[in-house]
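> Here is what each chain is made of, one letter per residue.
Number of protein chains: 2
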Amino acid sequence: MLPLREAIAAHYGRRYGVSLVPEQIIVTMGTSPGLFLTLSSLLNPGDQVILSNPGYSCYPNFIRYIDAQPVFVPVDAEDGFALHTKDLRQSIGPRTQAILINSPSNPTGHVLPAGTLQEIAQLGPYVISDEIYHGLVYGEREHSILEFTDRAFVLNGFSKLYAMTGWRLGYIIAPPEFIRPMQKTQQNLFICASSISQWAGLAALTEQHAEIPHMIATYDKRRKFMVKGLRALGFGVAVEPTGAFYVLADARGLGCTNSYHLAFDILERAGVAIGPGIDFGSNAEGFLRFSYANSIENIEQGFARVESYLRACQRLP
Amino acid sequence: MLPLREAIAAHYGRRYGVSLVPEQIIVTMGTSPGLFLTLSSLLNPGDQVILSNPGYSCYPNFIRYIDAQPVFVPVDAEDGFALHTKDLRQSIGPRTQAILINSPSNPTGHVLPAGTLQEIAQLGPYVISDEIYHGLVYGEREHSILEFTDRAFVLNGFSKLYAMTGWRLGYIIAPPEFIRPMQKTQQNLFICASSISQWAGLAALTEQHAEIPHMIATYDKRRKFMVKGLRALGFGVAVEPTGAFYVLADARGLGCTNSYHLAFDILERAGVAIGPGIDFGSNAEGFLRFSYANSIENIEQGFARVESYLRACQRLP
Chain A
1 MLPLREAIAA HYGRRYGVSL VPEQIIVTMG TSPGLFLTLS SLLNPGDQVI
51 LSNPGYSCYP NFIRYIDAQP VFVPVDAEDG FALHTKDLRQ SIGPRTQAIL
101 INSPSNPTGH VLPAGTLQEI AQLGPYVISD EIYHGLVYGE REHSILEFTD
151 RAFVLNGFSK LYAMTGWRLG YIIAPPEFIR PMQKTQQNLF ICASSISQWA
201 GLAALTEQHA EIPHMIATYD KRRKFMVKGL RALGFGVAVE PTGAFYVLAD
251 ARGLGCTNSY HLAFDILERA GVAIGPGIDF GSNAEGFLRF SYANSIENIE
301 QGFARVESYL RACQRLP
Chain B
1 MLPLREAIAA HYGRRYGVSL VPEQIIVTMG TSPGLFLTLS SLLNPGDQVI
51 LSNPGYSCYP NFIRYIDAQP VFVPVDAEDG FALHTKDLRQ SIGPRTQAIL
101 INSPSNPTGH VLPAGTLQEI AQLGPYVISD EIYHGLVYGE REHSILEFTD
151 RAFVLNGFSK LYAMTGWRLG YIIAPPEFIR PMQKTQQNLF ICASSISQWA
201 GLAALTEQHA EIPHMIATYD KRRKFMVKGL RALGFGVAVE PTGAFYVLAD
251 ARGLGCTNSY HLAFDILERA GVAIGPGIDF GSNAEGFLRF SYANSIENIE
301 QGFARVESYL RACQRLP
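Chains as they are written, first to last, in the numbering used here: chain A, 1 to 317; chain B, 1 to 317.
No lab work stands behind these hints: they were computed from the structure. We put the beta carbon where it would ideally sit given N, CA and C, even for glycine. Watch out, some of these pointers could steer you wrong.
Ranges between beta-carbon positions, derived for each pair [what the hints assert, rightly or not]: (1) B/D67 / A/R311: 49 to 59 Å; (2) A/A163 / B/V21: 25 to 35 Å; (3) B/I296 / A/A163: 42 to 52 Å; (4) B/V21 / A/Y260: 51 to 61 Å.
So here's chain A without its partners, still in its complex pose (with noise of 0.2 Å):
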């Protein structure tokens, strides 16, 4: 709906300063389906993405997906899960056709600073900027790519700042050159977005919502209150992370090794629902992923059921 991408562009005009036109957007049905659309026309087979690790777990089903390479650059606990111009830079090879980003990211909740995002944006290939998580932020003000370059191609969509999951509406900003070749694939193969959905995304940009700043100060305490307790429990929390409701969290002093299996356990056993670290890549392996997506008193009552399993395990005195 042409009135949905007015109000998508107005509110990147507001929020980050940026010049668009609604013939720059594509309305998807989420934004899973626009980084289906936007990897489509982007890559050949062999083409090659950078994206950190860990990072969100279906990204690299998706560029699997179409017979393209995912290159893994490392974040690290131990400066909060930063990403590294350098170490981008280092990855790039004749094959690569862009860099995936995701900040505020799932499942770090490491939010990219604007110095970064400029350096990425002059790397030279597409940036692909996965924006859901945007709004959601507790320290600095989160950055858009386009800001910085028009080489991008961004994500964003509704669930997460508008807290409208399930509705399944999303959005691509892309440069004019990829709109037709993208709408042609989603006219193709999915028809188009949810039009009750995208009545419900124009009154979610262009209404007054008290409730959004509340929600986003109610997320800040909880999670404050999430990192206490997990630090308390004895998982590491090198940096505490300032963007989405995540926290990724180490449990290698706790004795975790296989990631996988204790979230599995402590589901099974303890009743409380935690993301493996190692789902999100190689380098979260020891850690678990903790939502604070929740209620403090769930909060509150999951850290009480994963003590007790973690004293029935002996893993802590």
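Given the coordinates of chain A, work out where chain B should sit on it, guided by the hints.
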């Protein structure tokens, strides 16, 4: 959602007497993503899928998207675009993985009789049956491929019979061994179907709707009105279509040799949107697809405009 999958299983039980379990069903963001998941799970590069010419425009693009090959079987206006088993059989080769059928058909409105479905079910390859127009029939009842074989993938949705266009809700019924691979692909690339739409679909299937038989009766009136009007204008309709809401009319008697050009010319000069036959396959060149998913009044006005257009072009006496 499990309750929606249960309702879909019950619907197929009631309407076609087939016994399904929810575990055979995947809810999708429409029938199109359902076809994408089906072909993705079923085909390797180089595999072949047999389908009719003419047929739904996007089918060949889905098949080619995953580097498989469409193999076309012609269907002809003279016998109402009937699909013949012997033509299908002759097209089967070592790389044939599936036969893709669509009854009632877009664009022809043809409804495959039970006998033909039974024969197709016995040919050997998997049958992919796009049943999205099921229920919209104006003569003999339609049949599901599942009445005749379990080696089938059924695609269906809510946009036609429940007039839920824009909600983007469909489903796949598949052999159990294909469910998990398709779920994984859906979870990675698409996440899931809209939860709002899923609740709406559940209401569509489980609540009584006097509107539906009324809508079907209304379509039937429009169908007769349109066939009569097209014939009066000089279009050829050899056999009345008995399903969906389309008439694929022969415009060759009116001098149409380039249906793409003619359809755009009518759109621009007469303000009437018609599908060019060539969009649906080479065997429909010289034909135009008219939709009666519109009021009698609008169809009447459309005819008046097309008549003026044809007169101005000296295609009518």
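> So, for every hint listed, does it hold in this structure?
Cross-check of the supplied hints:
Restraint check, B/D67 to A/R311: a C-beta distance of roughly 54 Å satisfies the suggested window 49 to 59 Å. Distance hint for A/A163 and B/V21: a CB-CB separation of about 34 Å, consistent with the stated range 25 to 35 Å. The supplied range of 42 to 52 Å is met by B/I296 and A/A163, whose beta-carbon atoms lie about 45 Å from each other. At roughly 30 Å, the beta carbons of B/V21 and A/Y260 sit outside the given window of 51 to 61 Å.
Checked against the numbered hints listed earlier, the structure breaks hint 4 alone; every other hint is satisfied.
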